[in-house]
Amino acid sequence: MTTNPALVESPTVELDDASKWFGQKVAVSNVTCSFGPGVTGLLGPNGAGKTTMLRMLTGLIRPSQGSVRVLGVWPRTSPSVYTDVGLVPEEAAVYPSLTAREYVRYAATLSGVADVDEATARAIDTVALVEPADRKLAGYSKGMRQRAKVAAALVSDPQILLLDEPLNGTDPVQRLHLISLFQRLGAEGRTVIVSSHILDEVDRMSDRVIAIVDGRLAAAGDVAAIREAMTDIPYRVRIESDSTRVLAARLLEEALVHGVSVDDGILHVETGDLAALGLRVPVVAREVDARITSFQPEDASLESVFRYLVRR
Amino acid sequence: MRAAWAITSTTVKQLLGVRRMIVFGLAELAPAGVFLLMTQTLAQEAALDRLLGMVAALYFPLLVPIVTLIVAASALGDERRDGTLSFLVLRPIPRSVIALSKFGGAVIVAAGLNIFGAVALTVVYGIESGSWSLVVPLAVGGAFASIVYTSLFVPLGFFTDRAVLAGLAFVFIFENAVVSALSGLSSLSPWRIGLSAFAGLAPGEVKAELAEFGGASLSSFGASLFWTFLIAVLSIGATTMVLRRRDLA
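Protein chains in written order, with this note's numbering: chain A, 93 to 404; chain B, 282 to 530.
I should point out that these hints are in silico values taken from the structure, not numbers from a laboratory. Keep in mind that the hints are not guaranteed to be accurate.
As the list claims (entries may be wrong) - To list a few chain A residues with every Cβ distance to chain B over 10 Å, as calculated:
1. THR95
2. SER159
3. ALA185
4. SER189
5. LEU273
6. VAL354
7. GLN388
Claimed, not checked - Some, not all, of what chain A presents toward chain B, calculated at C-beta under 7 Å:
8. THR150
9. LEU152
10. ILE153
11. GLN157
12. TYR174
13. THR175
14. LEU179
15. GLU183
16. THR201
17. LEU202
18. SER203
19. ALA206
Note that the structure is a prediction, hence the values are computed from the model and not measured. For every residue, glycine included, the Cβ atom is placed at its ideal position computed from N, Cα and C.
Chain B on its own, in the form it takes in the complex:
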C-alpha cells in the first residue's frame, strides 16, 4: 500500500509540470471561453443548446482526448524513455502494483484537469441560466471519459514513442470518423462513454436535446459505468502482463 501510494504520488508530481499545467489549464477553460463568446454573438440561441454544442462538439470529442492522451502517454512512456523504469521494476513489489499506481496517477491528473474544464463550462452556463444541475453530470462524464482514455493511452505510451500520433489517429480516424459512421461501435468510443454518463445523470430534457448533437446512440449511465470499469481493469491487467513479460531495457 505504501509503495502504491508512493508511485501514484510521484507520478502525479511528474505529470504536473508547471508549464503543462498552464497550457492545459488554459485549454480546459476554452469551452467556457467559447461559451461566453457565443453569449455575445448568438444571444438568441438558448443557453442549453450552446452548452450542449460545447459539450458534444468540443469538450468530449477534442479536449478530453487530447489532454488525456498527452498526460497518460507520459505516465509510463516517460519512465521507459528516461530509463527510470528500471528504478521501479527492480523493487520487491508486484508488477500489478506498478501498473495500477501509474494508471491511478495518470487518472488523477487527467480527470482532475478535465473535471476543471467541465466545472468551468457548467459554472459559466449556471451563471447565465441560473441552473446548476449540469455541474456534477458533466464532471462525472468527463471523469469517465478520462478513465477510459487513460486505460488506452498509458499502455500505448509504454509501447511506442509515437503514442501521441497513434492516439490522435485513434481519436480522429477511429472515433470521429469510423464510429460516427458505424454507430454500433459507439460503446468502444471513450468520449461517447463519457457523454453517455453525462446524459445519464443529466435531467431528462438534456438527454432529449443531446439527440440533436449526435447523441442518439448514447447508452445508459449503467452501461457507461460497466464499460469504464471493464476497460480500466483490462488495461491494468494488460500493462501488468507486459511489465512481467517484456524486456524492459
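With the rest of the complex left out, here is chain A:
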C-alpha cells in the first residue's frame, strides 16, 4: 500500500526521478510519479513541461536523468510495447494528403492490427467521424483532425492512451463526446493520461490529477486530497445570511476562524478546518439569530487549488 499520492498501486507507466533539460533550460525536473488504470489529468500551465513529460513517457525523447518505464520497459529499446500505447500529440501530426479513413487505416497497418478494415471502421465510429471519413484531412477543421488523431490512437485498442491537449479546437458537442469517451476508456481499465492546461476539462474527466508547475511535480492525487494537503493555505468559505455583519462579528471570536470580510453583503470566512467550520456556523448563527441561506467553499475547486499551486 503506497502512501505517496504521486504513486499508484498497479502502475503501467512510471517515471523515477526523471529530468529532462535542453541545454540550459530544464523542462522536467526530478519527477517521480506513476500512472495506472483510469483517467489521470496531467495539469499545468502552458510551458510547465507536460508535453516534454508525455514525450518522455512515449520514448520520443529520452530523460537526461532518471528513468521512464511503460509496462515495465523503456519503450525506445522495446518497440513491441507500442502495440499497447496510443498517443494523440498536440501538434498537427496528420498527413493532409490522406483521408481520415486512410490515416486510421495506416495507423492500424503499422500497429499490426489483424483485421485492419474492421478496426478502422470501429475507431472512426468511436470518434463519430463516419460521415466525413473519406474526405482529405487537409480540409478538416482542427477539431475534426483531433478526432482523427484519437481514432488513429485507438485503432490498435491500446492499454495505455496518452493525450496531449486532445480537446484543442473541438466544439462543445465534440468536447462532450470525447470527454465521455475518455471516461469510458478509463472505466474499462485502460490507463488514460490527459494533458491539459484547461482546468475545467481536467476536472470533468479525471479521477486523479498530477499537477506540473515549472517542470516540477507540484501535487498529485484527487482534487480534494490535494486541497486538504495544502495546510498552509486557509480555506475560504462564502456565506450568505440575512444578518451578515452580526454573524461576521460573532464568527471572529471563534478560534478556528482566521479572518472574515464582507463584500456586497456576502460574508467570506477563512479557516484552517473546513469541516469544523461547517459544524460551528449553524450553532453560531442560532446564537445571533441569523438565518444562513448559503454556505459554500470557495476554493475547493480544481481551479482554486491550481491557482495556489502556481502561486507557491
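Take the given structure of chain A and dock chain B to it, following the hints.
Leaving out everything else, chain B in the frame of chain A:
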C-alpha cells in the same frame, strides 16, 4: 512486410503532389527540349555529341541532383517538420523498417522522375539518329545517381531544415568544383557514379566520346554498382541509428 509497404506507398503518395509532378515533369523534359532546339541551330553537330553534351552537362550534374534533392529531403524532413514522425516511430515496428521504407519511397519517386527524363532524352535522340541503344543505359545511370543522391539527402532532410541549401552546396561546391579539380574523389560524386553506370552499359564508342565531356575518370559499371549499393546500405544504417538514438521531438 505489410508495414514496410504501407510506409513506402504512403511516402510515394506524399512526395507525388500534383504541382510538384508538373514542375518536375517539365524540368525532366528540359534536356530533351534543349536537344531538339540544338537540332535546329546546330544541325551540323553529330547527334551523339549533342546527346552526350546534354547527359554530361545538364542531366547528370544538374537535373538529377536537384530533383532528387528536393524529393529525398522531403521524405523524412517533412515528417519531422509536420510532427508526423511520432506517428511512425510510436509503432511496434523496427526503426530499420522505417528507414528502409522512407528510403524506398524516395527512390521510387526520384528515380521514376529521372528515368522519365532519361527516356525522353534518349527517345528524342533515337528518333533523330535511329539508334535506341542508349535508352536503357541512361535510364540505369539515372537510377543509380538517384539512389546515391537519395542515400545522402534523406538523412540530410532529417537533420536540418536547410537541407536543400546544404544539398545545393554539396552539388555545386563539392561535386562540380572540388571533385572536378581532384578527379581522385570522383567515386564520391553521385552523378559521376550514375554517369559511369551509363558509360559502362553504353556501346564502346559512347565511352570514348564521353572522355571529351570530362568522362576520363569514369569507373566501371561494376564499381558504380558497388558504390551505389554500399552508399545506400550505409545511409539506411545511419538513418536507422539516428531514429533509434536521437530525440524525435
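For each hint, the structure was consulted:
1. THR95: 34 Å, holds
2. SER159: 16 Å, holds
3. ALA185: 4 Å, violated
4. SER189: SER189 of chain A is in fact no farther than 10 Å from some Cβ atom of chain B, at 6 Å.
5. LEU273: Per Cβ check, LEU273 of chain A is outside 10 Å of chain B; nearest 20 Å; holds.
6. VAL354: Answer for VAL354 of chain A: holds, closest chain B Cβ roughly 52 Å.
7. GLN388: The claim stands: GLN388 of chain A keeps its Cβ more than 10 Å from every Cβ of chain B (closest is about 43 Å).
8. THR150: 6 Å, holds
9. LEU152: OK, holds: LEU152 of chain A within 7 Å of chain B, min 4 Å.
10. ILE153: 4 Å, holds
11. GLN157: At about 14 Å, which exceeds the 7 Å cut-off, the nearest Cβ of chain B leaves the hint on GLN157 of chain A violated.
12. TYR174: Since the shortest Cβ distance to chain B is 5 Å, the answer is holds.
13. THR175: 5 Å, holds
14. LEU179: Because about 5 Å separates LEU179 of chain A from the closest Cβ in chain B, which is inside the 7 Å limit, the hint holds.
15. GLU183: 4 Å, holds
16. THR201: 4 Å, holds
17. LEU202: 4 Å, holds
18. SER203: Interface hint status for SER203 of chain A: holds (6 Å vs cutoff 7 Å).
19. ALA206: 11 Å, violated
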